[in-house]
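Enquirer: Going line by line, the protein sequences match chains A and B. This note's numbering applies: residue 1 is where the first sequence begins, and numbers increase by one. This note's numbering applies: residue 1 is where the second sequence begins, and numbers increase by one.
These are computed hints drawn from the structure, not numbers from a lab. Fair warning: there could be bad hints in the mix.
[Stated by the list, open to error] Calculated cross-link-like contacts (lysine-lysine; reagent style DSS-like; alpha-carbon spacing at most 25 Å):
| # | chain 1 | residue 1 | chain 2 | residue 2 |
| --- | --- | --- | --- | --- |
| 1 | B | K233 | B | K6 |
| 2 | B | K273 | A | K136 |
| 3 | B | K233 | B | K273 |
| 4 | A | K140 | B | K44 |
| 5 | A | K136 | B | K44 |
| 6 | B | K273 | A | K169 |
| 7 | B | K156 | A | K59 |
None of these values were measured; they are calculated from a predicted model.
Now for the letters of each chain:
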Amino acid sequence: MLSDVELKNLQEISRRIRRNIIEMVYFAASGHPGGSLSIVDILTILYFKELRINVNNPKDENRDRLILSKGHCSPALYSVLAEKGFIPKEDLKTFRKIDSYLQGHPDMNKVPGVEMTSGSLGQGLSVSNGIALSGKLDQKDYRVYCILGDGEIEEGQVWEAAMSASHYKLDNVCVIVDNNNLQIDGKITDVMSPYPIDKKFESFGFNTIEIDGHNFEEIINAFEIARKTKNKPTAIIAKTIKGKGVSYMENMVGWHGKAPNEEQYKLALKEL
Amino acid sequence: MDINKKIATRQSYGESLVELGKVNNNIVVLDADLAEATKTNLFKKEFPDRFFDMGIAEQDMLATAAGFSTCNKIPFVSTFAIFATGRAYDQIRNSICYPKLNVKICATHSGITVGEDGATHQMLEDINIMRGLPNMTVLSPCDDIETKWAVNEAVKINGPVYIRLGRAVTPIIYEENNDFKLGEAIQFGNGREATVFATGMMVAEALKAKEELEKEGIDIRVVDFHTIKPIDKKIIVKCAKETKKLISIEDHSIIGGLGTAISEVLTEEYPAKLIKLGIKDCFGKSGNAMELLKYFGLTSKEIIENVKN
Chain A
1 MLSDVELKNL QEISRRIRRN IIEMVYFAAS GHPGGSLSIV DILTILYFKE LRINVNNPKD
61 ENRDRLILSK GHCSPALYSV LAEKGFIPKE DLKTFRKIDS YLQGHPDMNK VPGVEMTSGS
121 LGQGLSVSNG IALSGKLDQK DYRVYCILGD GEIEEGQVWE AAMSASHYKL DNVCVIVDNN
181 NLQIDGKITD VMSPYPIDKK FESFGFNTIE IDGHNFEEII NAFEIARKTK NKPTAIIAKT
241 IKGKGVSYME NMVGWHGKAP NEEQYKLALK EL
Chain B
1 MDINKKIATR QSYGESLVEL GKVNNNIVVL DADLAEATKT NLFKKEFPDR FFDMGIAEQD
61 MLATAAGFST CNKIPFVSTF AIFATGRAYD QIRNSICYPK LNVKICATHS GITVGEDGAT
121 HQMLEDINIM RGLPNMTVLS PCDDIETKWA VNEAVKINGP VYIRLGRAVT PIIYEENNDF
181 KLGEAIQFGN GREATVFATG MMVAEALKAK EELEKEGIDI RVVDFHTIKP IDKKIIVKCA
241 KETKKLISIE DHSIIGGLGT AISEVLTEEY PAKLIKLGIK DCFGKSGNAM ELLKYFGLTS
301 KEIIENVKN
């Protein structure tokens, strides 16, 4: 159980990350706020509770890795990295600008703390598996976390990778599906339903856990179960709200890849 | 050239991997259910812990290799050229070349000489799409010795490398201790009647043509491009200046391959006519490798005709 102080602290971090996301997308006049806001609470727990990482040694061979396979949610990743101290907070406002190192989609060679370049969907779990296999080979005990979108898992490669993770018994791999129910063209059930997501991962040999992706306790518990699960990978299906925290963005498909105008921007900041 | 001693470059690749595996613990090998054919099975036998069969899932395999490379491993990834570069193009582009990761893609069964399997398995566009990628080095060795150099050279390069290998056996052209240099094509002879620029299996055909023509008193030169990217600009310009005719030959489409790479250099540096021999914008077909080379006009005979006409 989280203490009240701890809970308050984590909530405060999440709130700041959400504000940063809105600012980044507003100043860039482009970007993906909806899916960024839905993974904030998961990223907060990962970076402030779960991941074994060292800001002063971002390339430590024994570090845990977070692969953001849904790379378009870079605003969330950059914001949490800034919050953690990997990059200066003032740089966030340069997001997507021509002279900025903060590319529209994450670039591992430009941003300290970004583990893998991503953007073309469906490839992050394969990359995670490569890192996990390497860890097994070197007898290192680091873990690899991979965030997938629920629309992203329509990509066939995700299931090739799911097969591999299970075949090679990669219990050091933990998938988190950001199940916010929306993709660009509409509800995932209308566009191309990936459901039942838990059953699919289960039949591919994963330990699956369904949680409320905005409940810190549930997120923490799921990671703990994943860590204790041996001989198979874990998939956490996190039920989330696209646009979480900004009332007019919540569950609205139109906020997948759109920046707020000045009025909307001010309203969002007031709410956060 | 020892016409009698022939070996497939994929065999040389498999043998090189074993040697590399002995001295470099960071070498890992991934294959997509074709280890027998690509000869990575030789590595698998010696180092089962460092061999990963990824099943018939090339996209997963290439991106998994990208993951390995972020942990200081040097992954060699093998399958047929058609699947390595075609099926997994986006993974190579976005997860390997863009982040400049240290992945070595060694594709066997390139070109028309795949033979009986026919058009679906004959990769004729791989040089085109691989050389179009920033950060990618493209190697296309012609024999056993050059292949062994290419595999070892790939390890020295910190970044993605594509090595194009064949299925059929090819004559051994070089001596064991030959001094190869990345990006430096190798010239045979100083003939001034024509230059034949060749790569891969076509180098042996070009040398055969050179020998035949010599008997008739026609002196040509042959240039072996073991490195297609970066291309050796110097030798192209030098040969354009020194010889009357320029011909390129490759077991690849005439669009985007060696011939195109050479004409790009000529256009900018020393405009000259280039006769491009290769697969002329069409798909292949079934047949025995040697029959197919004749059918598509990729033998010493066509080289000789083009030199003379």
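Enquirer: Assess, step by step, whether the Cα of K273 (chain B) is no farther than 25 Å from the Cα of K136 (chain A), and give holds or violated.
Expert: 56 Å, violated
Enquirer: Assess, step by step, whether the Cα of K273 (chain B) is no farther than 25 Å from the Cα of K169 (chain A), and give holds or violated.
Expert: 58 Å, violated
Enquirer: Could you grab the alpha-carbon distance between K233 (chain B) and K6 (chain B) and see if it respects the 25 Å cut-off?
Expert: The given pair, whose Cα atoms are some 31 Å apart, is violated under the 25 Å limit.
Enquirer: Is the Cα-Cα distance between K233 (chain B) and K273 (chain B) 25 Å or less?
Expert: 16 Å, holds
Enquirer: Need the status of pair K156 (chain B), K59 (chain A): alpha-carbon distance at most 25 Å?
Expert: OK: K156 (chain B) and K59 (chain A) at ~22 Å, within 25 Å.
Enquirer: Between K136 (chain A) and K44 (chain B), is the straight-line Cα distance small enough, at 25 Å or below?
Expert: 18 Å, holds
Enquirer: Tell me if the straight-line CA distance from K140 (chain A) to K44 (chain B) falls inside 25 Å.
Expert: The given pair, whose Cα atoms are some 23 Å apart, holds under the 25 Å limit.
When held up to the earlier numbered hints, the structure conflicts with 1, 2, 6 and fits the remainder.
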